[in-house]
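The hints should help you fit chains X, A, G, H and L onto chain E, whose structure is shown.
Number of protein chains: 6
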Amino acid sequence: MKKDIFVKHITKENMEVNDAFMVVKKGVLSTKNSTKYMNLELRDKTGTIEGKIWDNVDTFNNLFDKNDIVSVKSRSRFYQGRPQLTINDIRKAGENLALADMRMFFAESEAGIDLLKEEYYQFTGQLQEPHMASLFSILNNRKDILEKFFLYPASIGVHHVYMGGLLEHSISLAKMGTHVVHTMGGNVDIVIAGALLHDIGKVEEIEIKGGFRYSDKGRLLGHITLGVMMLEDIIREIPGFPPHIADILLHIIISHHGIEEWGSPKKPMSVEALMVHYLDNLDAKVTGVREHMKENMEDEKWTAYHRLYESRFYKLPEG
Amino acid sequence: MKKDIFVKHITKENMEVNDAFMVVKKGVLSTKNSTKYMNLELRDKTGTIEGKIWDNVDTFNNLFDKNDIVSVKSRSRFYQGRPQLTINDIRKAGENLALADMRMFFAESEAGIDLLKEEYYQFTGQLQEPHMASLFSILNNRKDILEKFFLYPASIGVHHVYMGGLLEHSISLAKMGTHVVHTMGGNVDIVIAGALLHDIGKVEEIEIKGGFRYSDKGRLLGHITLGVMMLEDIIREIPGFPPHIADILLHIIISHHGIEEWGSPKKPMSVEALMVHYLDNLDAKVTGVREHMKENMEDEKWTAYHRLYESRFYKLPEG
Amino acid sequence: MKKDIFVKHITKENMEVNDAFMVVKKGVLSTKNSTKYMNLELRDKTGTIEGKIWDNVDTFNNLFDKNDIVSVKSRSRFYQGRPQLTINDIRKAGENLALADMRMFFAESEAGIDLLKEEYYQFTGQLQEPHMASLFSILNNRKDILEKFFLYPASIGVHHVYMGGLLEHSISLAKMGTHVVHTMGGNVDIVIAGALLHDIGKVEEIEIKGGFRYSDKGRLLGHITLGVMMLEDIIREIPGFPPHIADILLHIIISHHGIEEWGSPKKPMSVEALMVHYLDNLDAKVTGVREHMKENMEDEKWTAYHRLYESRFYKLPEG
Amino acid sequence: MKKDIFVKHITKENMEVNDAFMVVKKGVLSTKNSTKYMNLELRDKTGTIEGKIWDNVDTFNNLFDKNDIVSVKSRSRFYQGRPQLTINDIRKAGENLALADMRMFFAESEAGIDLLKEEYYQFTGQLQEPHMASLFSILNNRKDILEKFFLYPASIGVHHVYMGGLLEHSISLAKMGTHVVHTMGGNVDIVIAGALLHDIGKVEEIEIKGGFRYSDKGRLLGHITLGVMMLEDIIREIPGFPPHIADILLHIIISHHGIEEWGSPKKPMSVEALMVHYLDNLDAKVTGVREHMKENMEDEKWTAYHRLYESRFYKLPEG
Amino acid sequence: MKKDIFVKHITKENMEVNDAFMVVKKGVLSTKNSTKYMNLELRDKTGTIEGKIWDNVDTFNNLFDKNDIVSVKSRSRFYQGRPQLTINDIRKAGENLALADMRMFFAESEAGIDLLKEEYYQFTGQLQEPHMASLFSILNNRKDILEKFFLYPASIGVHHVYMGGLLEHSISLAKMGTHVVHTMGGNVDIVIAGALLHDIGKVEEIEIKGGFRYSDKGRLLGHITLGVMMLEDIIREIPGFPPHIADILLHIIISHHGIEEWGSPKKPMSVEALMVHYLDNLDAKVTGVREHMKENMEDEKWTAYHRLYESRFYKLPEG
Amino acid sequence: MKKDIFVKHITKENMEVNDAFMVVKKGVLSTKNSTKYMNLELRDKTGTIEGKIWDNVDTFNNLFDKNDIVSVKSRSRFYQGRPQLTINDIRKAGENLALADMRMFFAESEAGIDLLKEEYYQFTGQLQEPHMASLFSILNNRKDILEKFFLYPASIGVHHVYMGGLLEHSISLAKMGTHVVHTMGGNVDIVIAGALLHDIGKVEEIEIKGGFRYSDKGRLLGHITLGVMMLEDIIREIPGFPPHIADILLHIIISHHGIEEWGSPKKPMSVEALMVHYLDNLDAKVTGVREHMKENMEDEKWTAYHRLYESRFYKLPEG
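Chains as they are written, first to last, in our numbering: chain E, 23 to 341; chain X, 23 to 341; chain A, 23 to 341; chain G, 23 to 341; chain H, 23 to 341; chain L, 23 to 341.
Same shape as in the complex, but just chain E:
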């Protein structure tokens, strides 16, 4: 799929905007004169824009649904200082968009997914223990998993809620974990592998369909259980994989939430599992707070109350 005009480009009156967008909201209303019109919210990776259909509403209404990628023919106009599209034609752009193409319609990691991939391959390339090296060789050939691991968000609503978020979060843990082992001691291979694998189940827990949402098995089983099954599946292929390494990697996956109340069937029981757990908490919480700060400041210093974290947060003045 090709896309040239992005929301951020629509800065003038009367531009011709014929391109693909994702439908985020869709509603049919009536004017005072009882003529129907349609209100849309359209999105791509650079932002959202309102769209209006004034003619043939019933016809177009059948040609696409909410959450579809649509081809739009339209002209821009400004209303109350904000750009808007007057749409002449709109229809679904085709089934089953490839995940890579999805990137055009969602925000993504500011760290840069390509850079993150490079860092990922550096980490997997530097593992000394041969069986863990094999594990990632196999994983790196599982293109179905890997593509999702590179492009999925790390959560659907709390932290790293953007494409590449899962990778960014995993790399951040691997970096900080390497340094923590450097400072405090521990098995660096286990910490790196644990950091990269701890959330791997999220590629089956989450699905991208209009927005980020949970799959059925995601809701029923969760990323911890799904990650266990995925890792077990790979380890099975590696002859002579040491059971104690298998056990500790699986243990890191199931214990990374730290306590039972947060969905971990076991608390972390090894030094390396403790490291992954605390760094996961640190990275998720700090990133989640920053995402909250981006959109929910009440004044220049304080955010609105964060329901999940049960607090307001304070933005230190610069300098």
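A hint or two may mislead.
All copies of an identical chain are treated as equivalent in the list; a pair is satisfied when it fits inside any one copy or across any two copies.
Here are the simulated EDC-like pairs of lysine to aspartate or glutamate, each with C-alpha atoms no more than 20 Å apart in a straight line [as the list claims (entries may be wrong)]: (1) K307 with E283; (2) K289 with D238; (3) K47 with D321; (4) K307 with E282.
None of these hints come from the bench; they were simulated from the model.
Quick look at chains X, A, G, H and L alone, frame taken from chain E:
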């Protein structure tokens, strides 16, 4: 292995007792005259008995360890009204006792393991849904798993702490679950399969070695995670196994503790999962209380305080 | 009171509908032309219907209140595909409707109250212990209590929220309790009596007035305390009632919520009290989830989030 | 029963001590020469003393049990600086000691039970509301209840663990409650009645037999439920007792622990119930801490750790 | 600042109302004819009143903000039975209103601030221990602190939410604390000083700006930490202040919330700290419930649900 | 004070050992012949050794107490394979040992206190923000604080329980914090200052007297409150110290336990406070687990149960 004389048979002075026992406690002490002697506690399925070694203590000390099965040559005597063995010879009885032979040395389900097996095959034979029927066909051929499932306890210290306890507990759930579906509605195949599989991971979580104890992977991963991997491993072999049935059976395993605080990564989310969870709680708690009542009554009505359950319990007078 | 036309019968335009309904909502509004009209929601056991009063609004406004049973003279019409009543006359239908007459205006147990009553009398008739048999003889003559016990809901908003719900819930526990004792042992008379009595205090905790709501003493004392006082009141009449049976029945009432956090001043301390507690939980939760499923599915598989149960629930596909 | 010599009087060698004591501990031991002797701990209201029986041990062993009141014939001696009794004769002093006679054998309130009774009658005499006045008229004629209310401890091991403790605690609440109403407003009759009745169920929850212990119904039902039944029983006798006063007094009883976790089926919902709850907490905790300070100081400033209160406590230096 | 006409005086049509008010709400709207008008809510200590600006909306819009004190020129009129101001001129009344002047615009303690001050000086004057007497001598000269202590509310939204509330709450504790020491014993100077100082940090935690709100340091540090720093700052000035008194007063401040979950870094560890804690709870909760009762009754007996206290509350009928 | 012979040097029979040790345990016993002797446990930084006094026990008993530093004259002997001292002379070695001299008698950080000091000065030297630089200039001249900060343990019983532990823990946080800011962004000066100051109150919370123990003010106020007062005291000396930096540093101190339940009166509300909190948790827990592993392994893989951490821990096999 053959065993003729059990602890419960040792009721007289001066019986010749040459047979196999398990060593539960072992200690070397000195008399006032500084001669060494050895104190033992020996066990088989019928009870425990004290043993004394007065001669060649150092020699025998090297021939066996605590938790070994030993061959003993001895004579009985009575001390303070209780039988005791004066041991003339003792040595380890051989490595790697088969699990079936273990039954001679541990208490077992009063319900009768053979009867419970019959009931088990009846339940697996009456499943209507063909894929679940296949699942149990495969499981019933996995003799390594099945033998342990038939003979293991359901826990190492809280409830059903005897051989066959895991089977007894699972059958009890299947029976009550069948009736509950009869009363309240629901999918009886799912409830029966869930009842029989919910604790299947315990055959890898527990190991029997002298006593019931946790394996390394048992401590690191727990029976919920181990059960998930075992079930996934079987389902993989069945072509066309419906994903939603796989998901719900796995979900029953991971949710059967009911809440996150008790180690379930997900709360029960379907009617059938709720049924297995509550019946599991009921069967485990009632049986655990009864086992506590057997050994910890403070008077004819009240038990001692139960640390885990945080209560005393009251035994209703008969009649 | 007599009632012929029920909401479910109103399926055509222009039917004459002169009958009794309960007023669920009542509001006076103004049209654009500043003429007043009244909007009503009317209910009987088969459903709810909207009503409109276009004339003499002020007059009718004084003739009835929200939550009253009213006599209505009206004609049906359809608006946006749904039936509606245009009301010509409406006034309160009389004070103090008998509880039995209330059944015309509320949904009720699908199990059938008459069938449930039969089952109730079977259970109370099969008690072997003579004092418990006496207890129910007395209760069965307390028509004031019994009528409410047969017709009240089991809760005002969580589970079994319909007439006959309290009876249905109690019978369900008695049935499952009988089977559980059959499987696990225990005193069947105590379990049946406990199942039937555990929520008896709800007949004083709840009152029916327009809808199901708490009485003052219900809010201040709760059904556990009210049940204790009601049971004590009956036991007092029975000469020689064994104190330990009185104590255990009262204990089942106060412990049936299972833990202090849920309002039980004591945890269940006997096998029979544990059974009633777990079966109560099971029956209430499963029924509550099913009621939630009836009205709150987000798609064909998943319910909306349930605030009290803190979860979504999954409806297993049939077949 | 008459008693002249109390433990505190035994201050010299070779006193003749022929009087009644309570047996707190009783054990038969053997000397190195294998002659049996008996070790006793004897108690009265002034303290405990050790007793030794050197002759006819088997005979005397059958004449009394632990927790009995015994008649002793003995002589005092000093061993390692502490008095001891050498006992020549000992036997049970008679069945069913009256509660008033029990006072000779237990520590009691330093406030003085007679003074506390006076204060009690002052409080009950000053109630303005006639039905509450009637309530206490009836209660004050229930000698069975009242004697226990005057003499029982307020708990068996946490606070006010001495005879008269229940009365002392109740009076303290009534006094402070009166002042709190004076400062903050509220219904003083309700607060006084609530203060005096809130723990009334303890006279059935506790029994005195050798020491303070729970009765069966105490363990199964607890003083909250027992208090409800006792109060209901009295109110029933008073024609025209206003239901809202009955409800609020019962509500104060069931809510006085403040939250469900502490065994209150309802939280306090009225101003008066809040007052009784907080003053109960204050009086119980401060008194409990002081009793802990009396016997468990680790140095002049700090107590040992208090398991229930989960803290050490600090004794402010005087002056 | 001078103010003659208060909201409660505006009881007639067409009064000339030229005086100062606080702006509580401010919004610009359009009529159907697209002419702008402004809607205001104005407040002084006697209540709130609506204001309308029909002319020169844009001009006036720039002359004041929400939360400002404004000078208003206006005439009253009645709309739907309630008074309203038609405003001809409005502008900010000056910067930095003195705290004493703020009293004209906020509700204040019904106990009367002047009376409360007298009581405060009585309490501080009766302290026997000379160092604590010095402490309050210094504090009573810190006019910056003292003025706020006399005029601030005790919280911004739960209890004593009015001017003088902090003083009223502190005096109430000192009174009840004196009586509690009278009844139960303890160090009365410590209890009085602790009662008066426990919430002293609130004068830095809260700021008054339009309404009561938290300062930055209030949110980041809280009144417990701020109170510790303020008290330490004063104690530092007193030569020979006994360390154990300093420690216990600071301890009362940090422990007065009672448990860690409520933000106290230490639980109360002395009798006096326990007294301040429980009386603080009692006074805050009872007063909070009464403030809730003033504005949130659902009927004559029951309040609406209180989110923080997680309950409805019951108002005892008078008499 | 000078000390030449350390416990680890006492490896042979009959060595002359005349040197200083700390008395850890002290008890007087009797032999079978009723002659008194004294049993001691003596300690220095290299370990503990038993000591025996056979003569003049009563005399020596008056010359020293438990927890004193003593001068000993003795000879070594071996008993059951372990060295022991037969003591001929022993007496207190002088009052008020300097803290630096204490190092001879306690274990200390394996990281090396001198190296840690260097790292400390590097961190304080690299702060860019001038007021924070001033803050540490002042602190670094407060030799009373600094010496304790360099030599104290980080806790009395959980983690870093050795001299220099507080410094080691603080430096570890500063190092990891620097790297975390490098990876995730944030204000590095605040994180370093917060890392170094977060536990500063421990130098007043803990005292060293025989062993590590809490001071009175440590128990009453805790290191969070004490740290606040110490930091405030220094900041007061720095003209123009920016209030928002003061607030955030104080906030880091009070929030570093993360949640109220763990004694933090405020949750971390800024990114930097979150970082210090999570790294504190990580460093304390991992170090605490390793200290537990040093002394409490049950076999080569598993530790004993850790009561505070509520888990066993698993030691990954090397290689």
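Now the hints, each set against the structure:
Taking identical chains as interchangeable, the C-alpha atoms of K307 and E283 lie at most 20 Å apart whether they share a chain (17 Å) or sit on different chains (19 Å). For the identical chains of this complex, K289 and D238 are inter-copy neighbours only, at 15 Å across copies versus 26 Å inside a copy, given an alpha-carbon limit of 20 Å. In this homomeric assembly, K47 and D321 come within 20 Å of each other (Cα to Cα) only across copies, at 18 Å, whereas the closest approach inside a single copy is 29 Å. In this homomeric assembly, K307 and E282 come within 20 Å of each other (Cα to Cα) both inside a single copy, at 18 Å, and across copies, at 17 Å.
Hint check: no violations occur; every hint is consistent with the structure.
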